[in-house]
Structures are given as structure tokens and as C-alpha cells.
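Keeping their order, the protein sequence lines are chains A and B. Here the first sequence is numbered in the working numbering, starting from 1 and rising by one per residue. Here the second sequence is numbered in the working numbering, starting from 111 and rising by one per residue.
Treat the hints with care, since some could be wrong.
If you want a taste of the chain A side facing chain B, the calculated C-beta under 7 Å gives, among others [said to hold, decoys possible]:
#, residue
1, A13
2, H40
3, P44
4, A102
Below, a list of computed lysine-lysine pairs in the DSSO-like style, where the Cα atoms sit at most 30 Å apart [claimed, not checked]:
#, chain 1, residue 1, chain 2, residue 2
5, A, K3, B, K130
6, B, K124, B, K165
7, A, K52, A, K3
8, A, K52, A, K97
9, B, K174, B, K130
10, B, K151, B, K174
11, B, K124, B, K151
12, B, K176, B, K165
13, A, K97, B, K165
14, B, K151, B, K130
15, A, K69, A, K3
16, A, K97, B, K151
17, B, K151, A, K69
18, B, K130, A, K97
19, B, K176, B, K151
20, A, K69, A, K97
21, A, K69, A, K52
22, A, K97, B, K174
23, B, K130, B, K176
24, A, K97, B, K176
25, B, K176, B, K124
26, A, K3, B, K124
27, B, K130, B, K165
28, A, K97, A, K3
It should be emphasised that the hints constitute simulated quantities derived from the structure, not laboratory data. Remember, it's a predicted structure, so these values are computed and weren't measured experimentally. Every residue, glycine too, gets a C-beta built ideally from N, C-alpha and C.
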Amino acid sequence: DAKTTQPTSMDCAEGRAANLPCNHSTISGNEYVYWYRQIHSQGPQYIIHGLKNNETNEMASLIITEDRKSSTLILPHATLRDTAVYYCIVRVEGDYKLSFGAGTTVTVRA
Amino acid sequence: GAVVSQHPSWVICKSGTSVKIECRSLDFQATTMFWYRQFPKQSLMLMATSNEGSKATYEQGVEKDKFLINHASLTLSTLTVTSAHPEDSSFYICSAEYRGLSYEQYFGPGTRLTVT
Chain A
1 DAKTTQPTSM DCAEGRAANL PCNHSTISGN EYVYWYRQIH SQGPQYIIHG LKNNETNEMA
61 SLIITEDRKS STLILPHATL RDTAVYYCIV RVEGDYKLSF GAGTTVTVRA
Chain B
111 GAVVSQHPSW VICKSGTSVK IECRSLDFQA TTMFWYRQFP KQSLMLMATS NEGSKATYEQ
171 GVEKDKFLIN HASLTLSTLT VTSAHPEDSS FYICSAEYRG LSYEQYFGPG TRLTVT
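The shape of chain A in the complex, shown without the other chains (with noise of 0.2 Å):
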């Protein structure tokens, strides 16, 4: 039961911006959404999370629409080693389950 949908793959260019979609749209009132990526043939590395309010860390950007019903996770500068798997994740804060769906396979290329 997927609460979120991704693209299955996409493509970018080293050094521009990476805007990863994700759409969440029975996302309940006390859900966030969370983003995480994996590298091939390692853990998974948490990126940002958020409720409502746009995120910015060292990493990347979190747009999450008024309606809360889909996100953007933007990536700046995307470089070669940006390429990897990418999950959007929805649950509530303090629940430990992380449901982890297909994600979005992202290559970047020079």
C-alpha cells in the first residue's frame, strides 16, 4: 500500500539542479515527508526532511506544496556522485517504520 509515488528513473546533467518529484497525496495532517538515497551497495543516507515549511540543509531543498499532496526534493549542483536510488518517504514523527517504496533511480551524467 504506497503511500507515495516516484518516477522510476531520470536523468540530469552534472551541475545543474536535480528536482526529484514526489507525490503523497492522502498524506495525513501529522505525516512528514522524508527523503532518503542509496548509493549502490550501501546503506541508505537520510538527505532532509519536513511537515509543511520548505527545508534547506548542506545537502538539498525541500518544496512541499500548500496542500501538502506532492514535494520536490532539489539537489543544486547535482554531481556523479549524486547518482543513486531516492525515496520519499511519508510517516509520523516518532513512528519507527520507514516504508521504503521502488524510489526514483537518478544517473547523473557529465
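Take the given structure of chain A and dock chain B to it, following the hints.
Structure of chain B alone, referenced to chain A:
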């Protein structure tokens, strides 16, 4: 900060033997740790949740007698795959919950298990 390590990073064992995988939180205390399994070209599936000093909680369909979990301290959880078979070959990943400003999970680098 918030580093999680796993040991070994890869292991090959013979069918019928048991394998132990360690998961450590290096710079924080984790009252809760999680074990995931990932088959090739598939997503991560949560196997079990372990809390320090208590029995692990297993997800539906995961055999608790086959996948023994021990969370002996606030920085160490172990997963033992008992009587391993080739179908247990997978990528096993642990995570630890960091209860800082929010409940974030930090993942280990994973352990590749191959059963021959």
C-alpha cells in the same frame, strides 16, 4: 556525527552454518535499532525492530527462530542467521534511531551475505 557501522561488510558461508552480523552506533546511543533485508534490484524490507534489553519485534513473515536478534547494549545489536540457506543470500542493513531533534534513522553500510 550519527555514524553506524556493520561488521562484516561481506561474508560467504556454507549452507547449514550460522552467521552473525554486528551493528554498532559509533557516536550516539541507540535505544532502538532496525534490521532490513534487500534482495537484488528490490527495495529495503524491514525484518525486525530491536530495543535495548528487550526482545525484538519481527515483521510478518520473518522467522524469529531463524533470524536471531540481540540488542545487548545501547550501541550494539547483532543479527544471527541460523542454518543459512542459499535463499538467505541478501544484503542485510541495520539502522539506529537517533533521538535528537527528531527521530531520524541512520543506516549502516550493509553486509552482503552469500550462502553457497
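| request: Measure nothing beyond the straight line between the CA atoms of K97/A and K165/B; if it is 30 Å or shorter, mark the hint as holding. | output: 17 Å, holds
Report task. Quickly compare the C-alpha distance for K151/B and K130/B to 30 Å and report which way the hint goes. Result -> 24 Å, holds
**Asked** Are the Cα positions of K52/A and K97/A separated by 30 Å at most?
**Response** 20 Å, holds
Sort out whether K69/A lies within 30 Å of K151/B, counting only the CA atoms. 28 Å, holds
Minimum beta-carbon distance criterion (7 Å), P44/A to chain B: Check passed: Cβ of P44/A comes within 5 Å of chain B, closer than 7 Å.
message = Would the hint linking K69/A and K97/A be met if the CA-CA limit is 30 Å?
response = 20 Å, holds
Exercise. Do the alpha carbons of K124/B and K165/B lie within 30 Å of each other, as the hint requires?
Worked result: OK: K124/B and K165/B at ~28 Å, within 30 Å.
Run the distance test for K3/A versus K124/B: straight-line Cα separation, threshold 30 Å. It is violated: about 39 Å lies between the C-alpha atoms, which goes past 30 Å.
* Asked: Given the hinted pair K151/B and K174/B, is their alpha-carbon gap at most 30 Å?
  -> 25 Å, holds
Would the hint linking K176/B and K124/B be met if the CA-CA limit is 30 Å?
16 Å, holds
Discussion item. Would the hint linking K3/A and K130/B be met if the CA-CA limit is 30 Å?
Written reply: 34 Å, violated
Check: Does the alpha-carbon distance linking K97/A and K3/A stay inside the 30 Å limit?
Finding: 13 Å, holds
Consistency note: the structure conflicts with the earlier hints numbered 1, 2, 5, 26.
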